[in-house]
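Student: Sequences are here, hints too, so could you generate the full structure?
For the sequence shown, position 251 (counting from the first letter as 1) is numbered 234 according to my numbering, and the numbering increases by one without interruption.
Derived by calculation from the structure, the hints in this document are not laboratory data. From a predicted model like this one, the values you see are computed outputs, not experimental measurements. Take these hints with a grain of salt, some might be off.
To be verified - Within a straight-line C-alpha distance of at most 20 Å, the following computed SDA-like cross-link-like pairs (lysine to any residue) qualify:
1. K289 x R272
2. K289 x T166
3. K289 x R258
4. K289 x E71
5. K289 x E160
6. K289 x G255
7. K289 x L213
8. K289 x R244
9. K289 x R253
10. K289 x P223
11. K289 x F168
12. K289 x L243
13. K289 x A268
14. K289 x L249
15. K289 x E221
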Amino acid sequence: MTHRLTASPETCRWGYLDAGVPPVLAIRSGERVTIETVSGGPDALPPEGFHVPPELRAIHAAETGVPSGHILTGPVAIAGARPGDVLEVRILDVSLRQDWGYNRHRPLAGTLPDEFPVFHHMNIPLDRERRTARMPWGLELPLSPFFGVMAVAPPPAWGRCTSIIPRAFGGNLDNKELVAGTTLFLPVFAEGALFSCGDGHGAQGDGEVNVTAIETALSGTFEFVLRQDLHLTTPQAETPTHVITMGLDPDLDRCAERALREMIDLVVARTGITRDEAYALCSIAADLRVTQTVNQHKGVHCMLRKDFLVR
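Tutor: Spelled out as structure tokens, the structure:
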């Protein structure tokens, strides 16, 4: 069965994840959901002539506070999910919902916070059929859409957590590898898992150095599988060709250490080789990549070809 979850003031919230938020959809393991998302505040809207999803304006009108963070759609509850389980999120499709995106940076933010003292905003036209973006100076870039934020609920004792900082429950991972055809594994911390997503990106470089990518509205189709045979403490992922482990920490060195340590454990578990041999394999064949450097908790992901997981 495939469900559809549209974006609206009733199904979206702005800027946080919280195990106390009631689900807007309940499904069973193995079912699919197509989830619509939107991005950006009123000041991000494009000039006349572009398509603006009407629900985006409705969400703007319904917001009574000072918004920060991301507009998230969800949560989706998966029947039987319990703390200690793992939610397998199969990303079957990711598609554009509008013909524009935006990129911006502001003073005192980003990887170079003191070097760009003036707010800068660009609206970027998107060609949905050709899957390209046209930059203001004429450069045409290929699109590779993915959700910057995919998360389960944090532990209930943590209360409300900002959508900006990625943590063990996922969140603002900003990992550009998580396109259609990949699978994300999230440790579960609350009853029902409570999956949400948002922060649609049309394209992003590793690092996302000025804080934004090409921010845009996306639709994603996910298949959710409850895994009670896995035990994870941090998110992991698989592409058709690679396994991916992730490290999250304010210190980039700690990120690298955590991603590497997780990969060593993964290699040992899947191949049965020794920890010393797995460390050597990672040095010879695995790649450490900087995921993002701008979300307070930075990110490094470690990638290893799946066909190397043999003995």
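Student: For every hint, state whether the structure bears it out.
Tutor: Hints versus structure:
no.: 1; hint: K289 x R272; result: holds (17 Å)
no.: 2; hint: K289 x T166; result: holds (13 Å)
no.: 3; hint: K289 x R258; result: holds (18 Å)
no.: 4; hint: K289 x E71; result: holds (18 Å)
no.: 5; hint: K289 x E160; result: holds (15 Å)
no.: 6; hint: K289 x G255; result: holds (15 Å)
no.: 7; hint: K289 x L213; result: holds (18 Å)
no.: 8; hint: K289 x R244; result: holds (17 Å)
no.: 9; hint: K289 x R253; result: holds (10 Å)
no.: 10; hint: K289 x P223; result: holds (8 Å)
no.: 11; hint: K289 x F168; result: holds (16 Å)
no.: 12; hint: K289 x L243; result: holds (16 Å)
no.: 13; hint: K289 x A268; result: holds (11 Å)
no.: 14; hint: K289 x L249; result: holds (11 Å)
no.: 15; hint: K289 x E221; result: holds (9 Å)
The structure meets every hint from the earlier list without exception.
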